[in-house]
Amino acid sequence: MSIEIKLDKRIASVEILKQFENLLEIKVDDKIYQVDLMHNDEGIFSILESGRSYNIELVPQAKPKHYTAYTLYDSYDLEVIDAESRYRRNRSSGTQLASENIITSPMPGKVVKIPVKVGDEVKKGDTVITISAMKMESEYKSPIDGTIIKIQVIEGSTVDANQVLIEIE
Amino acid sequence: MSIEIKLDKRIASVEILKQFENLLEIKVDDKIYQVDLMHNDEGIFSILESGRSYNIELVPQAKPKHYTAYTLYDSYDLEVIDAESRYRRNRSSGTQLASENIITSPMPGKVVKIPVKVGDEVKKGDTVITISAMKMESEYKSPIDGTIIKIQVIEGSTVDANQVLIEIE
Amino acid sequence: MRKIRKILVANRGEIAIRIMRTCREMGISTVAVFSDADRTSMHVRYADEAYHIGPSASAESYLKPEKIIEVAKRTNADAIHPGYGFLSENSEFARKCAENGIKFIGPSPEVIDKMGDKIQARLTMIAAGVPVVPGTTESVTTEKDAIDTIRRIGLPVMVKASAGGGGKGMRLITDEKDIVSLVRSARSEAKSSFGNDSVYIEKYISSPHHIEFQVLGDQHGNFIHLFERECSVQRRHQKMIEETPSPLMTPELRRKMGEYAVEAARAVNYEGAGTIEFLVDNDLNFYFLEMNTRLQVEHPITERITGIDLVKQQILIAEGHPLTITQDKLRQTGHAIECRIYAEDSDNNFMPNPGKIYNITQPLGLGVRTDGYVYEGYEIPIYYDSMISKLIVWAENRNEAIERMKRALYEYKITGVKTSIKFLERIMDTEDFRSGNYDTNFIEKNKDILLSEGKCPTDCEDMIIIAAYIEYLDRLNVSQTSKAMYPAQNRWKKYTYQKNFERL
Amino acid sequence: MRKIRKILVANRGEIAIRIMRTCREMGISTVAVFSDADRTSMHVRYADEAYHIGPSASAESYLKPEKIIEVAKRTNADAIHPGYGFLSENSEFARKCAENGIKFIGPSPEVIDKMGDKIQARLTMIAAGVPVVPGTTESVTTEKDAIDTIRRIGLPVMVKASAGGGGKGMRLITDEKDIVSLVRSARSEAKSSFGNDSVYIEKYISSPHHIEFQVLGDQHGNFIHLFERECSVQRRHQKMIEETPSPLMTPELRRKMGEYAVEAARAVNYEGAGTIEFLVDNDLNFYFLEMNTRLQVEHPITERITGIDLVKQQILIAEGHPLTITQDKLRQTGHAIECRIYAEDSDNNFMPNPGKIYNITQPLGLGVRTDGYVYEGYEIPIYYDSMISKLIVWAENRNEAIERMKRALYEYKITGVKTSIKFLERIMDTEDFRSGNYDTNFIEKNKDILLSEGKCPTDCEDMIIIAAYIEYLDRLNVSQTSKAMYPAQNRWKKYTYQKNFERL
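Residue numbers (this note's numbering), protein chains in the order written: chain A, 1 to 169; chain B, 1 to 169; chain C, 1 to 504; chain D, 1 to 504.
Only chain A is shown next, with the shape it has when bound in the complex:
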C-alpha cells in the first residue's frame, strides 16, 4: 500500500515492500531502504539504517494524521495523505476556503483587546485583536482590506491554539 507523506514542503511517496517483524524493506520515492525499526505507543522510534542510529519522535497534532516529528536535531511538520485525505482534498479544492479571511490564534492565550466590531471596515495591516500569552502581547493584523463579519471571542476570554477568532470579508 503506497501512501503519501508531506514533510514540511516535500511530499514523498512511501511503500512497504517486505517486512519481517522489526526488519523492513521500504521504498521512499525512488529509494529503497532496509531498516531495523522499533517504536513504542508514544511515537518514539529507533531506526537503524546501514548502521546509522536514528531517534525520531512523532507527536500527534490536533488535526488527524498531522504530526510534529522531532529528531535530535530539529523538528518537522508531517501530514499523512491517505486515500481518505486525498478524497477530502479533492472535494474541497473547488470551494477555496480561503484561510486569509480568517484570523486564528497560533498559540493558546487570553484575548486582551478587540479594537473592532462586526461591520467595521478594516484595511490590510490594521490590528484587529491582541492576544496575551506568558506576559507577551501579540497584535494580529487584518491580512486584507475588508469588513469584519464575525467575532468569535470576547475580551478577557482564553483561546486555544488554532482557534478561529475573527472572520473578515
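Read the hints as simulated data drawn from the structure, not as lab findings.
Hints should not be assumed to be uniformly reliable.
What the hints assert, rightly or not - Only pairs whose alpha carbons sit at most 30 Å apart, straight line, appear in this in silico DSBU-like list of lysine-lysine: (1) C:K3 with C:K73; (2) C:K3 with A:K65; (3) A:K141 with C:K73; (4) A:K65 with A:K113; (5) C:K144 with C:K103; (6) C:K329 with C:K356; (7) B:K135 with D:K96; (8) D:K118 with D:K73; (9) D:K413 with D:K356; (10) C:K406 with A:K141; (11) D:K118 with D:K203; (12) A:K9 with A:K27; (13) D:K312 with B:K123; (14) D:K177 with B:K135; (15) C:K422 with A:K63; (16) B:K124 with D:K447; (17) C:K406 with A:K135; (18) A:K135 with C:K239; (19) A:K6 with C:K73; (20) C:K413 with D:K406; (21) B:K6 with B:K31.
As the list claims (entries may be wrong) - Here are the in silico distance ranges between beta carbons for each label pair: (22) D:G27 with C:P457: 56 to 62 Å; (23) D:E431 with C:P251: 42 to 48 Å; (24) D:A57 with B:D120: 47 to 53 Å; (25) A:N162 with C:D459: 31 to 37 Å.
Claimed, not checked - Rough simulated footprint, nothing fancy, chain A against chain C, three-plus residues with beta-carbon under 8 Å: (26) 100-109; (27) 189-203; (28) 459-469.
Glycine included, each C-beta is placed from N, C-alpha and C at the ideal position.
Mind docking chains B, C and D on chain A? Use the hints.
The following block gives chains B, C and D in isolation, referenced to the frame of chain A:
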C-alpha cells in the same frame, strides 16, 4: 459504593461520600477525609489533604486489581477487593489451592539447573531449581516433604516473574 | 538568632522547586501556594504543604500579599522566600511580613524602595563612589534644561521619562539636528502616558556588555561578592545565556568592579543575596545600571564556580548567622554556562508557545545541572513566564564548557511545545559566541546564522517519513497504552539477529 | 600522535553512554554494539552507529573479541573503549585490537596479564616497595609448608586456592586448633574444584576499609594519582556507596598511599586510567590488594572533586598526548558521594529484580549528577548487571553532601521494578555512616536499622488507599492514553478554588 482495599496486611473499607470534580469526601474505615485529588492515566496521583501534599504512583501488577503503590518514601502492595473478587475468594476458599505446593519464580530469569525429575521424592529444604538473573544465581527449595509431580520449565529456558515452575505434592 | 523551621515559598515554577530543594537539604519544611492554573504544577507536588491562593492571573494570586501572608500565618511558617519576580522586590510585601512576625528572606523594605527607584539608586551609588552612566541625577523639567544637559553630556544620549517605564517617553538621540524635535516628542509622550513631562538624560552606551556581580551581605555588616556573570546574550531584553567568568573580564577589572559591587551593597547596608548590574563598553569602562534586590534566575552559574549554595546562604543570613565565607577564600573554579529553555518559537520572533508537554529526555552526566519544573503530560499555563527550565553546565575551561553545553542541548528533548533548545544550540556554534567576542547586540548581529534552517539531509528526512508511515499503519490497528518499545506491527514472533536481512 | 575520530564502545548500559557523552563533547563519532536483548537499549539509541553482535548471553556477544573487532574494522573505528567488565581486562582482546591496527583504550596486554594474576601482581608490588597483605609470594604445595607459613604469619589468616576464584578452596582460619583441618579441607576443595591443590596464604584483615587510588599514566612515563575513593559500603562483595575524600584519611596517609599508588603504576609502566586498591585496617596500616586496569564504576566522584573528565583523559592518552595535569596542581575540592542504584529487592537479600520500567523522575538541581541508561517503558534484561544508574552528589563538605544525597534519593523515583533507592536512603540516616565511622562490615553491622520498615503513618496509608479506590473507579470507565493530569472522573466542569469544600 464501598469496597475493600488491601494494603500490605491491612484491609481497609473505602467509600466515597461526596464529590465535586477534584474535591472529594471519602471515608476510609472510620475516618472521613476531604481531599483535593488529581491524577493521570499512568496512575500518578497528587492529593492535598489538610494542606499536606501527597504524591502517589500506582503501578498495575500482572494480576488484575493488584497494584504496587509508590510514595516518595516507600512502596506497598495493594489489592482492590470488589464484589467480583470477594465472590472468587469465597468460591476458592473451599478448595485451598495451597500455594506452598508450587514453586514460582519471584523475578524473570533463566533456568540454570533442575536437579530433580518428575516422581522424585524431596525433603523440605531440598533445592529443586536454580534460576539465574543479572549474574546472580538463586536456589529455590522445596517448602514441604513430598513428590515432584510436575516440572513446567526446562534447563536453559527463560521464565517470567510469578511463573509456575514446579509442583510438589 | 532565630532558627527557621518552615518556609513558605511565595513563587511557582523552577525557582520555587529550587528553593524547596535547599530547604529539604536543610531539614526545613516547605509550604507552596498556588493559583487555579497551578493545581498540578510541580511546586505543589514537591512541597510538604500546599494552599490555594486565588485565580490564575498573577494579580489575583501570586501578587496578593495578604493572601500569602494569611497562608503563612495559618501554617506557622517562620519565613517567606519570594524567589524572583512576583513580590520579590515589593517593599510593601516585605513590610507586611515583618508586621506579621514573618521573616522576609531578602533585604529590608527601605533598601528595596531605595534600589527600586532608578534616580534614587543612581544618587545612592554616586554617593558611594560607584560609577554610574553619565547623565542627570534628577528630573529635567524644562525643554531648555534638557537641551543644555544633552549638550553637556555629549551625544549619543538616551532621554527617559522620569515617571515612566516600558519604553514610553524614551528616545535615543544620536544626531545633533534631532535634539530639539526628539526632546519635544519624548516630553509630549511622557506627558500623555504618565501625566508628567519631566525626563532624565543618560549617556547612551551602544552595544554594551551586560555584566553583573553577585553580592551577599549579612546582618552584621559583612559583605562579599561572588564574582561576575556575563549576561549579554539577550532577546527582547530578556537574558538567554549567561556565563561566568565573563570572556571580557580581566583580573584587574574584576577586582575593581567587585570592590565597587561590595561598596554598593555596603552603601545601603544590604542584607541577603543581591546583584549589582553594570553596563560595560568595549573600552572596559563600566557603569552601575541597577541593583536587583533578590535572587537572580542565573544564580546557578555562580553556585557552580564557587561551590556555594546561594539559597542556603540566604536562609542562614535570614536566621541571623554571620557570613562564614570571606572574600579572600573565594575562588572561581572552571567555567559555567547557563542556557534558559523557553517554551517559545525562537524562529518566529520568539513567540511564546504554551501547551502540553509530551515527552522529556533530561540531559545527564558529567558537569550538567538542570533546574526545571515541567513534567510529561503537564500543560504549561498561559498566565506566567515562558521559561520552563535552565540548563547549567560546568567544565574546566570555556571551550570544554561550550562543547558540554552543545552535548547537553543535543540530549535535551522536550516535545509537545516549541522550545528555544535548537536556537541555543545554534548560538553555541556561532563564531562570535565561541570566541567570546559578543555584546548585547549579539542575537541581532547573528540573526542570519541563528535563523538558518539546519535541517537534516535527505536520508534522515526519509527516516522520518518511514516512521510516520509505520505510525500510520499501526494506528490503523488497536492502540495500546504501554510505553514499552515494540517492533512495527507487533503481531509476529520477534525476529532474532542471527538471521538477517537476506532472509527478507 | 594519532587523532582518534571514531570510537567503538565495546560495552552496554550506563558506562557505554557515559563514554559516548565524552566522545560527543570531543567531536568523536561513536559506534555501539548490541546483543539480541539490547536492540532497544539506550546505548544503541545514543550512538551514531549501532551493530548487532550476537545473542543475549554475554558469552556470545559482549565477550566475543572477534565479533567486536569485525565491527570496528567494518566501521573504520580508530579505537575501542572497553568500559568496565566484559572485555575490559582481557589481554587477548587488547592484543587482537593491536594486531588489527585498532587502538585499545587502556594499558598494554602485558600489563593486563601481569596485574590480572594475583600472585604476579603481589610480586610486582613487593618489588616496587608497595606494602602488600603479609603472606606467601608463591603457591604453597604441601600441607607442611602451609602450616609452617601460617605459624610464621600468625593468625588470623586466609587460605586461598592458587588456581581458584569464586570462594572455592578459600578458608578463614582464626583459631590455632583449626589450622590442620582447615588447611586440609581447603586443599581438598581446591583439588576437586581446579584439579590443583596448591594454595597461598594471606594475613586476614578483619573488617578492613576498602580504599582505592585513581591513577593516570601516559605513553611518556608521566604518572599522577587523583586521590582516593572510600568504597567500604558493600553488599555481597559489591560496592553500593563510594565517597571521596575518605572519612578515614589523614593528609599524611593520603600523601603516603598516593605515592605508593604512583609507584605501583610506574612499576608496570602503566598507560591510561587505573585503580590501585588497598585494604586499610583501623590502625591505618594499608596493604596493596589489587590493581584494576580499567575505568571504575565509581570514577565520577573523582571527576567531581578534581574537575577532570577521566574518559577524556583516557582518550587523550590513547592518542599519545602527554598528561598536562601535574600532581602539584591537583586539588580535592569539596566532597562527593556516589550511590549505585540497583534493580534489586534490597530488603530480600538484594535479590535482582529485572523487569519493565514504568516511570522515572530524575533528581535534578544543585550538585546532582545522574549516570543511568534506563528509560520509561524499557525492559531491563535478565542477562546483565543489575546496576541501572549511578547518583553522584557534590557539596562543600561531607555533611552537606549527605543531606544533598538524601534529598536526591528522595526525589529519585523509578517505578515498575524494585530498586536500592530506599535502602540507600536508610544508609544515609545511620549513625555509623553519618559519623564516617564504617568499614566493609557496615551493612552487616547495621542490618537491623537498614531492614526496618520505615513505612508512613496511617494518614499517608489512607491516602494510598484513596488513590487506589479512585484508580479502580476510573478504570471502570474508558481508559484514556494521555499523560495529562486530570481530576477523578473527568466528566464534569473543573471546579474552581474560589468556591470551597463547604460547597460539597
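The hints, checked one at a time:
As the CA atoms of C:K3 and C:K73 are separated by approximately 17 Å, the hinted pair is consistent with the 30 Å bound. Proximity of C:K3 to A:K65 is assessed by CA-CA distance (about 59 Å); at most 30 Å being required, the pair is judged violated. A hinted pair counts as satisfied when its Cα atoms are at most 30 Å apart, and A:K141 with C:K73 does not qualify at roughly 49 Å. Proposed proximity of A:K65 and A:K113 is contradicted: the alpha carbons are some 34 Å apart, above 30 Å.
Between C:K144 and C:K103 the alpha-carbon distance is near 49 Å, which puts this suggested pair outside the 30 Å criterion. Distance hint between C:K329 and C:K356 is unfulfilled; the C-alpha atoms sit about 46 Å from each other, more than 30 Å. Between B:K135 and D:K96 the alpha-carbon distance is near 27 Å, which keeps this suggested pair within the 30 Å criterion. Restraint check for D:K118 and D:K73: the C-alpha separation of about 34 Å exceeds 30 Å, so the hint is violated.
With a C-alpha separation of about 14 Å, the suggested pair D:K413 and D:K356 falls inside the 30 Å cut-off, and the hint holds. With a CA separation close to 38 Å, the supplied pair C:K406 and A:K141 exceeds the 30 Å bound. Between the alpha carbons of D:K118 and D:K203 the distance comes to roughly 15 Å, so the proposed pair stays at or under 30 Å and holds. Among the hinted pairs, A:K9 with A:K27 is consistent with the structure: their alpha-carbon atoms are about 19 Å apart, no more than 30 Å.
Our distance criterion of 30 Å between C-alpha atoms is broken by D:K312 and B:K123, whose separation comes to about 58 Å. At most 30 Å may separate the alpha-carbon atoms for a hinted pair to count; D:K177 and B:K135 exceed this at roughly 37 Å. Taken as a hint, the C:K422 and A:K63 pair is honoured in the structure, with Cα atoms around 25 Å apart against an allowance of 30 Å. Proposed proximity of B:K124 and D:K447 is supported: the alpha carbons are some 28 Å apart, at most 30 Å.
At most 30 Å may separate the alpha-carbon atoms for a hinted pair to count; C:K406 and A:K135 meet this at roughly 29 Å. Pair hint A:K135 plus C:K239 holds up; C-alpha atoms about 15 Å apart against a cutoff of 30 Å. For the given pair, A:K6 sits about 59 Å from C:K73 by alpha-carbon distance, which is inconsistent with the 30 Å threshold. A hinted pair counts as satisfied when its Cα atoms are at most 30 Å apart, and C:K413 with D:K406 qualifies at roughly 27 Å.
Straight-line distance between C-alpha atoms of B:K6 and B:K31 comes to about 16 Å, which keeps the hinted pair within the 30 Å bound. Between D:G27 and C:P457 the Cβ separation comes to about 19 Å, which falls outside the hinted range of 56 to 62 Å. Distance hint check for D:E431 and C:P251: the Cβ-Cβ separation is about 46 Å, which falls inside the suggested range of 42 to 48 Å. Taking the beta carbon of each, D:A57 and B:D120 are about 29 Å apart, not inside 47 to 53 Å as hinted.
Hint check: A:N162 to C:D459, Cβ distance near 32 Å, so the stated range 31 to 37 Å holds. With 0 residues having a Cβ less than 8 Å from any Cβ of chain A, the segment 100-109 of chain C misses the three-residue criterion, and the hint is violated. With a threshold of 8 Å between beta carbons, the proposed coverage of the segment 189-203 of chain C by chain A is violated, since 0 of its residues qualify and at least three are required. Coverage of a stretch by a chain is defined here by at least three residues with a beta carbon nearer than 8 Å to that chain's beta carbons; for the segment 459-469 of chain C and chain A the count is 11, and the condition holds.
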